[in-house]
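For reference, the chains in residue letters:
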Amino acid sequence: MAIDREQLLHVAHLARLELRDEELERLGAQLNDILDAVSKVSELDLSDVPATSHPLDVVNVWGADDPRPCLTVEEALANAPEREGGYFKVPPGGS
Amino acid sequence: MTIDTLRLTAEEAMRLVREGELSSAELFAAYRDAIDRHDPELHCYLHVCDDDGGEGVPLAVKDVIGTKGIPTTAGSKILEGYLPVYDATVVERAKAHGLRVLGKTNTDEFAMGSSTENSAYGPTHNPWDLSRVPGGSGGGSAAAVAAGLAPWALGSDTGGSIKQPAALCGNVGLRPTYGTVSRYGVVAFASSLDQVGPVARNVRDCALLYSILAGRDPCDTTTVDLPAPVTLPERTDLHGIRIGVPTEFTEHPAIEPGVGAAVRRAIELAEELGAEVGECSLPRSLEYGVPCYYLIAPAEASSNLARYDGVRFGYRTPNATERLDMYKRTRDEGFGDEPKRRILVGTYALSAGYYDAYYGQAQKVRTVLIREHAEAFERFDLILTPTSPTVAFELGAKTADPLAMYLNDLLTIPSCMAGLPGLNVPCGLSDGLPVGLQLIGPQFSENRLFEVGYALEQALGFDPVPERMR
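In order, the protein sequences belong to chains B and X. Going by the numbering used here, the first sequence opens with residue 8, and the numbers climb by one from there. Going by the numbering used here, the second sequence opens with residue -5, and the numbers climb by one from there.
Hints listed in this document are in silico derivations from the structure and should not be mistaken for laboratory results. The structure presented is a predicted model; accordingly, all values stated were derived computationally and were not measured. C-beta atoms are modelled at their ideal positions from N, C-alpha and C, and glycine is treated no differently. One should not assume that every hint holds.
Covered, in the sense of this in silico footprint (three residues per stretch, anywhere, with C-beta under 8 Å from a C-beta of chain X), are these stretches of chain B [as the list claims (entries may be wrong)]:
id, segment
1, 41 to 49
2, 56 to 69
3, 87 to 98
Simulated DEER-style distance windows between Cβ atoms [as the list claims (entries may be wrong)]:
id, chain 1, residue 1, chain 2, residue 2, range
4, B, Cys77, X, Glu369, 42 to 50 Å
5, B, Ala44, X, Pro34, 36 to 44 Å
6, X, Ser125, B, His61, 48 to 56 Å
7, B, Glu82, X, Gly116, 27 to 35 Å
8, B, Trp69, X, Pro34, 22 to 30 Å
9, X, Leu124, B, Val66, 26 to 34 Å
10, B, Pro74, X, Glu461, 24 to 32 Å
11, X, Gly116, B, Arg33, 16 to 24 Å
12, X, Thr315, B, Cys77, 48 to 56 Å
13, X, Gly48, B, Glu30, 24 to 32 Å
For the chain X half of the interface with chain B, some residues (derived, Cβ under 8 Å), not all of them [what the hints assert, rightly or not]:
id, residue
14, Arg310
15, Ala314
16, Ala368
17, Leu389
18, Gly390
19, Lys392
20, Thr393
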């Protein structure tokens, strides 16, 4: 299955990636090769096989609801590209 | 006391420091000196620590593992300058057991690759031959240990990133059973696969480091208690051990003749040591392992890497005045090609209309691989195969073709998908370059892997010091 330029732009938008024209061409071609190779999984009829999401047989690990030390506001903001007071600051608009 | 960093084992270093025969400062200085002499041509390290006066035996840490106050980039420009405000649990545990961070080792960006050539900071060179790759993604850790620039190191393994570089650099690397080592504080790539593990120059050092790392961590709810404590191996025979050799893995056309020959000799040696060796078969694991991996790992990566958006940490583009545009440009400018490819593949595989055919189907294939391995373990205690189909390849040989690069992990991926532990043990040279074999066992069989690996190591007598550095 080949993915065209329009689909690639849609996927890139979903992934919040701005791709330059040169990248669209190069990565697009590689993406098609990769998807072609991984499509091999569809050869197998696995309608009766359950899916594995986790390699260990563990379920619902509960923790005690005890307060414990956590990051301070200063630590949480220490690597922020931009901040204002106790907040991360981002440019306006968009979604 | 003169310290030969190429020969000193970590176990011996621990003893010397414990018994006061060597100071922490002398030991640290010896490795810093080795780094100063050799790292300019090898580029194992992205950051080397200065002696802060702390105590302990040095430990190199792969740069996907968070270290408080020490730069942690995951080999990516998008994390350039990032200073973690806490230590990963594995680093905390190492410090609590008398180790100290020596530096941060090079890695393919976000641990995505098999050669370290995807590092945004330039590749690491193989200490056995500078024109060749050290493997990846943990090529920095493997090359540092091989070249005596660290007594041991931490790696991380998603589809072979500990085992494959260990094979290409001639050292011992363990990918532990999924869930035995905490990932808290580790840069996430594919969470149902990622494992942290030890890289060392011999099997006992590897077991010793694993004993320090392993155990349940309340901060990582995917971790479990070990069913039995880690034991350091001592046995030198293999009586009573049943080893299965999957023919698809040993006779695959991608396997170089020199690799096949070295592994066959090791199998014969295992029999001489008393092991019972028989053929087994894992046909679907080999045929569908790589395609299955390259759906599941990118899908999970596309989700994990969503956090790099220029808001809370890391790079932010200076070229945007509006928020959505800021996210997109930050990610375009901050990520290299391989993370972009995987984010795109993963996003596509998870998107409406394609989920069942790709990600859902791959999760079912994963069940098939788990069952196939479980069946083999009904007859055998462990499985033995080559780790990498080839020895270290030339820098640049595979960078233009992502699919060719993906096949380096052909033999390591299947057991990772099944959540099984795997140990690389060097088993000889081919054209002067190391060949590794991998021992795969059922979940929580690390002690058995160390035992068999140790017996083979003693019998093989492989010299882990690169010939050009002896």
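#### Entry: Leu124/X paired with Val66/B, Cβ distance criterion 26 to 34 Å
50 Å, violated
### Query
Against chain B, is Ala368/X within 8 Å by beta-carbon distance?
Result: violated, 12 Å to nearest chain B Cβ.
### Query
Are at least 3 residues of the segment 56 to 69 of chain B within less than 8 Å of chain X when you compare beta carbons?
Per the Cβ count (10), the hint holds.
#### Entry: Per-residue hint verdict: Leu389/X, partner chain B, C-beta under 8 Å
Not OK, violated: Leu389/X not within 8 Å of chain B, min 20 Å.
### Query
That 16 to 24 Å hint for Gly116/X and Arg33/B (C-beta), does it hold up?
21 Å, holds
### Query
Would the stated hint for Arg310/X survive a check requiring a Cβ distance to chain B of less than 8 Å?
4 Å, holds
### Task
State, for the Cβ atoms of Cys77/B and Glu369/X, whether the hinted interval 42 to 50 Å holds or is violated.
46 Å, holds
### Query
Using the C-beta atoms of Ala44/B and Pro34/X, is the stated range 36 to 44 Å upheld?
At 38 Å between Cβs, range holds.
### Query
Taking the least C-beta to C-beta distance, is Thr393/X closer than 8 Å to chain B?
12 Å, violated
### Task
Indicate whether the distance between the beta carbons of Ser125/X and His61/B respects the range 48 to 56 Å.
At 42 Å between Cβs, range violated.
### Message
For the hint 48 to 56 Å, verify it against the beta carbon of Thr315/X and that of Cys77/B.
### Response
34 Å, violated
#### Entry: Supplied distance hint 27 to 35 Å, evaluated on CB atoms of Glu82/B and Gly116/X
31 Å, holds
Of the numbered hints stated above, those contradicted by the structure are hints 6, 8, 9, 10, 12, 13, 16, 17, 18, 19, 20, listed in ascending order.
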